[in-house]
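Student: Sequence:
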Amino acid sequence: MVEAVGWDMYDPRLTLKANVKQYFDDGTTVYAIAIGDCCYIDGNGLIQLSDADKSTVHGCALMAAVGGDELTLVTHGRLRMVTAQTPGDDIKSDNTEADGGGEPPSTTNATGSVCGYAISAYLVWVHVTYTSTVHVAA
1 MVEAVGWDMY
11 DPRLTLKANV
21 KQYFDDGTTV
31 YAIAIGDCCY
41 IDGNGLIQLS
51 DADKSTVHGC
61 ALMAAVGGDE
71 LTLVTHGRLR
81 MVTAQTPGDD
91 IKSDNTEADG
101 GGEPPSTTNA
111 TGSVCGYAIS
121 AYLVWVHVTY
131 TSTVHVAA
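Numbering-wise, the sequence shown is residues 1 to 138 according to UniProt numbering.
Since the hints were derived computationally from the structure, they do not count as laboratory data. Heads up, some of the hints might be wrong.
Unchecked claim - Beta-carbon label-pair distances, calculated as ranges:
id, residue 1, residue 2, range
1, D25, I119, 28 to 38 Å
2, N44, A84, 30 to 40 Å
3, R80, G43, 26 to 36 Å
4, T29, V5, 23 to 33 Å
5, G45, D11, 18 to 28 Å
Note that the coordinates shown come from a computational prediction; the quantities given were computed from them, not determined experimentally. The beta-carbon is built from N, C-alpha and C at its ideal position, and this holds for glycine as well.
Let's have the full structure, built from the sequences with the hints guiding it.
Tutor: This is the structure in structure tokens:
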């Protein structure tokens, strides 16, 4: 599992705000998003986790949130990691997990959309661009 600690720096002018989707598709499990998780905004304007169904990345979570909360997605910034990364390698969204299995971007586990690169073992540069919003099939 890939984990992030927090944001070293981000530009608030390059963020997006929306509400988190209330429940997973089962209709009973409340959505939970951790800091740094790769997310996208769905057709209803709600934030969901990037996963095997949708590896698109519109931003990474500024903080933890649950269904119904307003959440800020960071599109450009330095994200501190708990899980070691390979410096210089692209970071990608996780598109291997099933419904709601999103994680922070990674150089190691992820095979989804490119959304930045690793600066050092525990620091990544999140840089969401047009290519980050293209879905990559699992």
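Student: Next, verify each hint and record whether it holds.
Tutor: Against the structure, the hints:
1. D25 with I119: 28 to 38 Å: Given about 36 Å between the Cβ atoms, the range holds.
2. N44 with A84: 30 to 40 Å: At roughly 36 Å between Cβ atoms, A84 and N44 fall inside 30 to 40 Å, so the hint holds.
3. R80 with G43: 26 to 36 Å: Given a distance of about 32 Å, which is inside 26 to 36 Å, the answer is holds.
4. T29 with V5: 23 to 33 Å: 26 Å Cβ-Cβ, so the 23 to 33 Å window holds.
5. G45 with D11: 18 to 28 Å: With Cβ atoms ~23 Å apart, the hint holds.
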